[in-house]
Amino acid sequence: MTRRGFLVRALRAVIAGTASLPALRAAAAALATSAAPGGGDLDAPEWAVVAAVLDHLLPSEAGAPGARDVHALGYLRLVVDDPKLGPAERALVRAGVVELEAICGEGHGAGFAALDEAQREAALRRLEQSPTGGEWLAEMVDFLMEALLGDPSHGGNPAGIGWQWLGVTPGFPRPPEPRAGGAP
Amino acid sequence: MSRDCDLCVIGSGAGGGPPAYVAARAGYSVVVLEKGPWLAEGDFFKDEIACCRRAVYQSDPRQEPQVVEGEREGGGWVGRSTAESGRSLWNGNCVGGATNFMSGYFHRLKPVDFHLLSTFGPIAGANVADWPISYADLEPYYARVEAEVGVSGRVVPHPHQEPRSTPDFPYPPVAEHGIARLIDQACGELGYHAIPTPRAILPAAALGRDGCAYSGYCGSYGCATGAKGSSRAALLDRAVATGRCEIRPGAMVSRLVSDRRGRVAYLEYLDGGGARRRVDARVYVIACGAIETARLLLASPGPRHPRGLANGSGLVGRNLIFAGGGAGSGLLAYAGRDPREVAALREVGPFINRALQDWYVIDDPAFGPAAKGGTIDFLHRPPAPIARAIRQTREGGRLVWGGPLKRRLEAHFAAGAGVKVEAYCDWLPHADCFVTLDPQVRDRWGLPVARIRAAFHPHNLQVGWYLAAKGAEVLARMGAAEVVAFASGTPPANLVAGTCRFGSDPQTSVLDRDCRAHEVANLFVTDGSFMPTGGSVPHTWTIYANAFRVADRIIAQLGGRGAGATGRPPGRQAGRDG
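The listed protein sequences correspond, in order, to chains A and B.
Note that this note's numbering has the first sequence beginning at 1, numbered continuously upward.
Note that this note's numbering has the second sequence beginning at 1001, numbered continuously upward.
Worth flagging that the hints you see were computed from the coordinates, not collected in a lab.
Mixed in with the good hints there might be a few duds.
[To be verified] Derived CB-CB ranges, DEER-like:
#1 B:V1342 <-> A:W47: 40 to 48 Å
#2 B:A1040 <-> A:G105: 50 to 58 Å
#3 B:T1119 <-> A:D142: 44 to 52 Å
#4 B:A1265 <-> A:R174: 29 to 37 Å
#5 B:R1444 <-> A:D116: 46 to 54 Å
#6 B:Q1063 <-> A:W47: 24 to 32 Å
#7 A:E177 <-> B:E1071: 44 to 52 Å
#8 A:G134 <-> B:A1204: 46 to 54 Å
#9 B:R1080 <-> A:D82: 20 to 28 Å
#10 B:P1458 <-> A:W47: 46 to 54 Å
#11 A:A138 <-> B:E1189: 39 to 47 Å
#12 A:R174 <-> B:R1276: 37 to 45 Å
#13 A:D82 <-> B:G1396: 31 to 39 Å
#14 B:P1159 <-> A:D82: 49 to 57 Å
[Stated by the list, open to error] Listed next, the stretches of chain B that the computed footprint assigns to chain A, with coverage defined by at least 3 CB atoms under 8 Å from CB atoms of chain A:
#15 1047-1057
#16 1207-1216
#17 1403-1412
[Stated by the list, open to error] If you only want the chain A side, here are some residues facing chain B, beta carbon under 10 Å, derived:
#18 L58
#19 P59
#20 L85
#21 D116
#22 H154
#23 L166
#24 G167
#25 P170
#26 G171
#27 P176
A quick note: this is a predicted structure, and the numbers were derived from the prediction, not measured.
Yeah, the Cβ is synthetic: ideal placement off N, Cα and C, and Gly gets one too.
Using the sequences and the hints, build the whole thing.
The following block contains the structure:
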C-alpha cells in the first residue's frame, strides 16, 4: 500500500467510526505534510464544509463584508491550485475538514454544516485545541485576511471591498488581472 | 586567447553591480551569472500576496533549503532544514538581488567603525577586528555611489556627522510625510538631533530612470519606476548598454575550478535547463551574499585549496554578522485631532525619513564605559495590510474570529497612524555565528547547502535596548500611544555580512585589503562578506561603495582603463562541459 493509500484508509476508518480521534489526528497531520501530487483533493461536500467554516470565521454583516462578500472560498480554491502551494496545501485543507467533521460527528452526530451557530462555535473552539486543528484554523483565518485585503487579481476582495471597509489605500501599479483560464 | 570574457561576476546584487558596471565602462568584456530570473520595472507590482505572503522573489526553501542551527536546551546545537521550518534566510532572487526589495535607508559608516577594536578594546566572547582600510579610503566611493546609484538627502550638522568630500547630496530629499515634522519637534524639545534619512531613491527623473511615484509601497516591493537604486536599475542596465556586459539569468554556479598554482582556471554553472556550462575569465568576482559566497568557496576545493577555495586560514564562513538592534512602535491616534491633522496623518506616499545618530558612540555612565552605539530610524509601519490584519486575529495564544474579529479590525485600521522605530547596532562577530556546508542536505541541483549557526552576542541586546528606548522616548514625546520598544537577537535575513573577513594577515583573514583572496590572485569578493564589523547602519551603501573601490583594483589588475581591454562583447556561447 502506498503512503497516501494508507493515510486515506486511516482517515476513512476514522470517519466510519472504526478508529480513534488521536489516530485521526496523527493521520491528518501526516497527510497534511505529504506532498503526493493530487493528494488530499476535496470533494464537493468537503468544500461545502470549508465554505461554512469561512462564513462562521468572517460572517457577513450590513456594511462590513464577510467571507462570502470577499469571495473567500473562490480565493482559497485558486490558492490550492497554485503549483507553488499545490498538493501540500490541498492535503492540509482537507485534513482539517476531516478532523472537524469527526469532532462534529462525535459531539452532535451531524456534520458541521448541519449545526446551529452555537454548536459551530463550540466545534471550532474544540478543533482549535488540537495542534493540527489549531494550525488548520490559523491557516483558514490567514487565507480569509488575504481574501479580504489582497489584490483582487488573486480572486478575493472584489472591487476592493475589503480595502474600502477598512480604509486601506492600495499601492500602484496593481497587478494585471489574470489571463482567462490561468491562475493569478 | 580562448577566454570567454575579461571578468566574470557571480551574483548581481549590491556587490556584483559595481564591478560589472565599472569594468564594462572601462572597455572590458563582462559576464554576470545570476541564479534568479531577470525581472524589470514592468514586472513589479504592489502585490502583498506575491511579494510577502508567497515570497515569490525569494528562492523556494523546499527546492533550495538551508539548514539553520538552533540552541538545544541543556547545550549543543541542532540543525533544521528551512524546507521544514519555512524560516528561510533567503533574500531577493533575481537580477539585482535584494537591492530590488530594499527600503534604501542609506547611511555611511563613520570613521570610528574602521577601528572599533583599537578604540574601545576587546569585548569578551566577541571577535572584533579593525578594518585594514580607513574611512578616508572609502569616502570617495561613498560619494561615487551618491552620484551613480543615486542617493537623495540633505546634510544637516549633528554631533556624529561623518566627513564628506562634497557639501551635500547630489539629489534633494524625497517628499516628507507630516510625521517628520512631529519628530523634529519632539527631538528639538528633547535636545536630540533628528536628521533626514538619506535614501537610495530618486525624487525625480535622473540617470535615465524615473523618479519616485510615491505609491507608499516601497520596502519589500520591487520598484516599478526605477527610482529605487537597485543594482539592476542603477548599474547593470547601464553596463548592458555598453554592449560589453552580458547577464545570464538562471545560472547557478556549482563550483570554481582552480589550477595547480591555486588560481581559478574556470567555473562551472548549471543553466536554466540544467545543462552544465563553463565560463573561463581572466578575473572572477564572487558576490552571492555573505552566506552563499561562503558556501560556494567551501564547495570549491582544489589542488592548492583542500579545505575550500581561499580557505587556507580556515576562516571562510567564520565571523558571520548581521545587523543587530532593536525596534519599537507607537500610535498617533486620530481621535482628538482636527480633520486636517487626521488627513495629514493618513496621507499615503511621502516618507517619514528621520534618523537619530546622537548615540552612535554611547558616552553615558548609566550604560557603562564608552561603547559603540548605533542609529535609530523612524519609519512608517510596513505597507502590509494583510500582515497587520493577521496580527489582529491572534490574542493570548488563541484565534479571534467572527464578530469580535471584525470589530477588532475596524478599530485597528481606524485607530491612527503607526510610527515604527528601527535601531541598528553592530552585530558582534563571535564563535557561534558562522556558515559551513551541511553534510547531508542538498538543493535541487544536488549541491550541498549552507548550514548556518546564527547566535547573537548578549552585548547586542544591551545596545539594542538602549537605542530602542531612546526611540521610544521620542515617540512618547510626540504624544504617541501604545509605545513599545525591545531589543532583538533574531538575525535579519536582509542584512547579512562577514564570512570572508578582509585584513592584512592571511592567517586571520580571507581577503586582502583590496578584497582579493589572499591565496587566489584572480579572485575578488565584493559583497558584504569582507566586513570584519558591519557598522551600526544597514550595510548596503557600504557594500556598494566598497565594491566600487574594489572595481578600481580589478581594472588595474586587468590592465588599467582602456589598456589591454578586448573591447569585444563576451563570448556568446560558453562551451558545454564534455
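The hints, checked one at a time:
1. B:V1342 <-> A:W47: 40 to 48 Å: Roughly 43 Å apart at Cβ, these two residues keep to the hinted range, so it holds.
2. B:A1040 <-> A:G105: 50 to 58 Å: 54 Å, holds
3. B:T1119 <-> A:D142: 44 to 52 Å: 48 Å, holds
4. B:A1265 <-> A:R174: 29 to 37 Å: 49 Å, violated
5. B:R1444 <-> A:D116: 46 to 54 Å: 50 Å, holds
6. B:Q1063 <-> A:W47: 24 to 32 Å: The hint (24 to 32 Å, Cβ to Cβ) holds, given that B:Q1063 and A:W47 are roughly 29 Å apart.
7. A:E177 <-> B:E1071: 44 to 52 Å: 48 Å, holds
8. A:G134 <-> B:A1204: 46 to 54 Å: 51 Å, holds
9. B:R1080 <-> A:D82: 20 to 28 Å: Given a distance of about 25 Å, which is inside 20 to 28 Å, the answer is holds.
10. B:P1458 <-> A:W47: 46 to 54 Å: 51 Å, holds
11. A:A138 <-> B:E1189: 39 to 47 Å: About 44 Å separates the Cβ atoms of A:A138 and B:E1189, which means 39 to 47 Å holds.
12. A:R174 <-> B:R1276: 37 to 45 Å: 41 Å, holds
13. A:D82 <-> B:G1396: 31 to 39 Å: 32 Å, holds
14. B:P1159 <-> A:D82: 49 to 57 Å: 52 Å, holds
15. 1047-1057: holds (count 7)
16. 1207-1216: holds (count 3)
17. 1403-1412: Check passed, 5 qualifying residues.
18. L58: Given a least distance of 7 Å, the restraint on A:L58 holds.
19. P59: Hint on A:P59: holds, closest Cβ of chain B at ~6 Å, below 10 Å.
20. L85: 8 Å, holds
21. D116: This interface hint is violated because 14 Å lies over the 10 Å limit.
22. H154: For A:H154, the interface hint holds, since the closest Cβ of chain B sits about 5 Å away, which is under 10 Å.
23. L166: 4 Å, holds
24. G167: 6 Å, holds
25. P170: With Cβ-Cβ at 7 Å, under 10 Å, it holds.
26. G171: 3 Å, holds
27. P176: Holds: closest Cβ of chain B sits about 8 Å from A:P176, inside 10 Å.
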